[in-house]
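Participant: Line order of the protein sequences matches chains S and U. Just so we're aligned, residue 1 is where the first sequence starts under my numbering, counting upward by one. Just so we're aligned, residue 1001 is where the second sequence starts under my numbering, counting upward by one.
I should point out that these hints are in silico values taken from the structure, not numbers from a laboratory. Quantities reported herein were computed from a predicted structural model and do not represent experimental measurements. Possibly wrong hints are sitting among the right ones.
Stated by the list, open to error - Some chain S residues judged to face chain U by a derived CB distance under 10 angstroms, without partners named:
hint : residue
1    : Gly25
2    : Leu40
3    : Thr49
4    : Asp82
5    : Tyr83
6    : Gly84
7    : Glu95
8    : Asn124
All C-beta atoms in this analysis are idealised placements derived from N, C-alpha and C, irrespective of residue type, glycine included.
Chain by chain, the residues run as shown.
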Amino acid sequence: MNRAATATGRRATRPRQSVGSRIAGFFGELLITLGIVLMLYVAWELWWTNIDSAQAQQEVTNNLVQNLGEVVIPEVKDDGKDYGPAPVSEFGSGETFGIMYFPTWGSNGTYHPVTNGVGDDVINNLGIGHYPNTQQPGEKGNFAVAAHRQTHGQVFWDIDKLHEGDKIYLQTKDGYYTYTWSKTEIVNPSVGEVLLPVPHEWGAEPTDSILTMTTCHPKYTTRQRMIAYSELTDWRPLDAGPPLAIRDLVAKATS
Amino acid sequence: MYAWIFRNLPGPMWLRIIESLILIAAVVLLLMMYVFPWLNEYISPFTDSTIGQSTQ
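Construct all of the structure, not just a fragment, from the sequences and the given hints.
Facilitator: Shown next, in the form of C-alpha cells:
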C-alpha cells in the first residue's frame, strides 16, 4: 500500500493520504469487518450453539434424574411382560419432564431431555420441546414435540434415518413409553394440522396415542418441515426397568 | 482504522503483535457469547424447527 514509505524510511515519512482515500480506506475496512463478522455468525450457529446446548441439556437432564429417584436397571433380560395401558403423564409449563431415547441414531444411540414448551428458551438450549397445546404422553391423541435439526445440539439430525420398526422411547416419572415409527412426511412450515389429535383431520376423535416429531428440512434450511409419526406401542413402569434396547442408554443418562 | 490502532498500541513490534491478537480474541469472544445470541432472536437462518406458529 505504502511503497514510498518503505523506500524512504520508516513511519515518520509516510506520505499524507488524501481525505478521500482515507475515507474510502475506512469504509473498505468496515466492509471487510462485516464480512468476517457474518462468517463468524455462521460458525457460531453451526458450532458454538451445539456446545452451549449440550451443556444446558446435561444440566436439566441431571436435575430430572434427581427428581426421578433411583432408576432401576435390572438384569439384562427383558421380561416381555404386558403392564397394561400407559398412564397419562402430567407436567407443568416449562417443566423438563422426560428423556427421549433414540437407540437407532448415531453410532450408539442418543438421548435428549424433553421440556414443556417450544419457545426459543426451550428449543435453543434444552433439547426437545413439547407443544403445550397438544396431548400428553399416554393420552389419546397427539404428543407433539419439536427440536432443532442442524444447530443447538443437532437434536433431530438423524430424523430422516428412521426405518420400519424403529422405536423411540420416552422416560418420565410415570414410566417408559415405547413409540414405534410409522411414517414421515415433509410439509410446508405453515401446516399446523400435523399437530392435531389426529393429524390433518380437524375435529376427528383420536383412538390412538401418537408421537409427532417436527424439525427443519432440508438440512441447513428452514424451507420445509420434516414430520415423523410414531405410535405408542408399549409401556412399562419405572420400577420394571428400561426396555432392553435402551438399557445402556438409560444407565448412561441417569448415572 | 486497523493501521491506526496498530500504530497506537504501546510497546515494541513483537508486543504489539501479541496485543492485537489478544484484542482480536476478546472481540470474537464478545461476539460469540453476547452479540450472536442476541442477534439470533432476529436473524436465524437455520434454527426454525417448529410448525404452524407464525412467530416461531
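Participant: Look at each hint and say if it fits the structure.
Facilitator: Now for the hints, and whether the structure bears them out:
1. For the restraint placing Gly25(S) at the interface with chain U, the shortest Cβ-Cβ distance is roughly 8 angstroms, inside the 10 angstroms limit, so the hint holds.
2. This hint holds: Leu40(S) has a C-beta 6 angstroms from the nearest C-beta of chain U, less than the 10 angstroms allowed.
3. A cut of 10 angstroms between beta carbons decides the hint on Thr49(S): the least distance to chain U is about 8 angstroms, and the hint holds.
4. Because the beta carbon of Asp82(S) sits about 34 angstroms from the nearest beta carbon in chain U, more than 10 angstroms, this interface hint is broken.
5. Annotation: Tyr83(S) was flagged as interfacial toward chain U, and the flag is violated, the nearest CB pair being 33 angstroms apart, outside 10 angstroms.
6. With its C-beta approaching chain U no nearer than about 33 angstroms, Gly84(S) sits outside the 10 angstroms limit, and its interface hint is violated.
7. Annotation: Glu95(S) was flagged as interfacial toward chain U, and the flag is violated, the nearest CB pair being 18 angstroms apart, outside 10 angstroms.
8. The criterion of a C-beta within 10 angstroms of any C-beta in chain U is met by Asn124(S), whose closest approach is roughly 7 angstroms, and the hint holds.
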